[in-house]
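Q: Sequence:
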Amino acid sequence: MTEELNLSAQQAEFEKVQKIKQSLNNIVNKKSKFLFCVPESQNPAASVYEIYFHATIVKNMGYNVIIMVEKGDYAIPNWIEKELTNFKHIPMSDTKLSVGPEDVMIIPEVFTNIMEQTKNLPCVRIGLLQSVDYMINSLIPGTDWASFGIRDVITTSQTIKEWMELFYGQGKFNIHTYNVGIPEYFEKSTIPQKPIISVVGRNPNEISKFVKLFFSKHPQYSWVTFDPMLTKSKPPQAMRRVDFAKRLQGNFAAVWIDRISSFGTFPLECMKSGVIPICLKPDIMPEYMIERDENGNPVKAVDGAGVWTNNYYDLPILAGEVLIKFLDDSITPEFYETMNKVASKYTQEASEMRLIEIYTELINQRINMFNAVLQPVVEQK
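All you need for the numbering used here is the position in the sequence shown, starting with 1, plus 1.
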């Protein structure tokens, strides 16, 4: 009986080692799967675009990439370039999809429920943090991502990393940062800009209130147009991002009203397009508006990269002041140069290079873990 138990234990140990060897072989030979969870968004969202951008980079690295969606009737975003959405899309409820220790699942902050439901899966799970507000809203008090076994985090700025370490503790998570890249089609156009102001924000009421206050303060500019950045169709619809860029390039300024954004790509899109952003500072100052010393410590806010204010009611006044300078042709070349300098740090090429580094590091981390488990077996031989 004892001999049979020993043989059974040896067989179980042998099978375990073989599975680990197979997983190691799969990840080394790029046979592992990368599963990117994507929330459905009817309107263009930079956060969703960015997930597809990550997925495309990993696909180009040679791995099998699958997009995990909430529902079977998920509509692939038509506002994202088709070359970034050419993936198999599978509902998260699909029971036929199996994952192994060599596979990797990337879960955005809005999917805390997915983090909890997948905590017993053998795959690597990585938290993708783009919005602090969404992260907090999806967590119940007293929990964080470590509660679900997630230790690796990818986020879009050093500022968000510092925020996470402040509230959840330094060293608790392995946090990887990168700069979001703005597509090249946002480059400044040669077409003359018109006295039109783009206006973008989360709250339609705040946008409407801003426009009304602008005309109340500046009735002499009743001929100024505010562009909501939607299609000309009836009813208006969201534009493809490339069309959004073309429209933006023809306007001379843009107003951004967003208190909860943790990064915010729209001001960067404006700067790259040579359009003056007039912005309400969000609760977390965007990384691109912060100057840091040689040690990475924040020193001061960037001066001249658009017009920024803490007070919502300053926005209509500032928009009028910028309009006057635009009509007088008194906006200095240095002002545009500062915007271009800031935006030039956020290219998709640089973003891709950094993301390749991050995903390679995560893969090597898993390979090292497999080798560490197998090492005692090798030494016994």
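These are computed hints drawn from the structure, not numbers from a lab. Among the hints, erroneous ones may be present.
Unchecked claim - Restraint ranges, calculated between C-beta atoms of paired labels, are given here:
id : residue 1 : residue 2 : range
1  : Lys210    : Lys235    : 20 to 30 angstroms
2  : Lys173    : Ile261    : 35 to 45 angstroms
3  : Asn30     : Pro193    : 53 to 63 angstroms
4  : Lys22     : Asn206    : 55 to 65 angstroms
5  : Lys210    : Leu231    : 10 to 20 angstroms
6  : Thr232    : Gln349    : 21 to 31 angstroms
7  : Lys210    : Ala147    : 35 to 45 angstroms
8  : Thr191    : Glu350    : 18 to 28 angstroms
9  : Met354    : Lys120    : 25 to 35 angstroms
10 : Leu231    : Lys22     : 17 to 27 angstroms
11 : Glu292    : Glu350    : 16 to 26 angstroms
Claimed, not checked - Below, simulated DSS-like cross-link-like pairs (lysine-lysine); rule was C-alpha separation at most 30 angstroms, straight line:
id : residue 1 : residue 2
12 : Lys34     : Lys97
13 : Lys189    : Lys31
14 : Lys83     : Lys218
15 : Lys32     : Lys20
16 : Lys83     : Lys189
17 : Lys89     : Lys31
For each residue, glycine too, the CB sits at the ideal point set by N, CA and C.
Q: Within a Cα-Cα threshold of 30 angstroms, do lysine 83 and lysine 218 meet the stated pairing?
A: violated (44 angstroms)
Q: Regarding the pair lysine 89 and lysine 31, is the alpha-carbon distance no greater than 30 angstroms?
A: holds (17 angstroms)
Q: Does the hinted range 35 to 45 angstroms hold for lysine 210 and alanine 147 at CB?
A: At roughly 41 angstroms between Cβ atoms, alanine 147 and lysine 210 fall inside 35 to 45 angstroms, so the hint holds.
Q: Indicate whether the distance between the beta carbons of methionine 354 and lysine 120 respects the range 25 to 35 angstroms.
A: With Cβ atoms ~32 angstroms apart, the hint holds.
Q: Assuming the hint says 20 to 30 angstroms, is it satisfied by the Cβ distance from lysine 210 to lysine 235 or not?
A: holds (24 angstroms)
Q: So the hint says 21 to 31 angstroms: do the beta-carbon atoms of threonine 232 and glutamine 349 match that?
A: 25 angstroms Cβ-Cβ, so the 21 to 31 angstroms window holds.
Q: Are lysine 189 and lysine 31 close enough, with their CA atoms no more than 30 angstroms apart?
A: violated (40 angstroms)
Q: Take a look at whether the Cβ-Cβ distance between threonine 191 and glutamate 350 falls inside 18 to 28 angstroms.
A: With a Cβ separation near 23 angstroms, threonine 191 and glutamate 350 satisfy 18 to 28 angstroms, so the hint holds.
Q: Does the alpha-carbon distance linking lysine 32 and lysine 20 stay inside the 30 angstroms limit?
A: OK: lysine 32 and lysine 20 at ~14 angstroms, within 30 angstroms.
Q: Between lysine 173 and isoleucine 261, does the beta-carbon spacing fit 35 to 45 angstroms?
A: Given about 24 angstroms between the Cβ atoms, the range is violated.
Q: Is it true that glutamate 292 and glutamate 350 lie within 16 to 26 angstroms of each other by Cβ?
A: Holds - the Cβ-Cβ distance for glutamate 292 and glutamate 350, about 23 angstroms, lies within 16 to 26 angstroms.
Q: Cβ-Cβ distance between lysine 210 and leucine 231: within 10 to 20 angstroms?
A: For leucine 231 against lysine 210, whose Cβ atoms are near 19 angstroms apart, the range 10 to 20 angstroms holds.
When the structure is compared with the earlier hints, violations turn up for hints 2, 10, 13, 14 and for no others.
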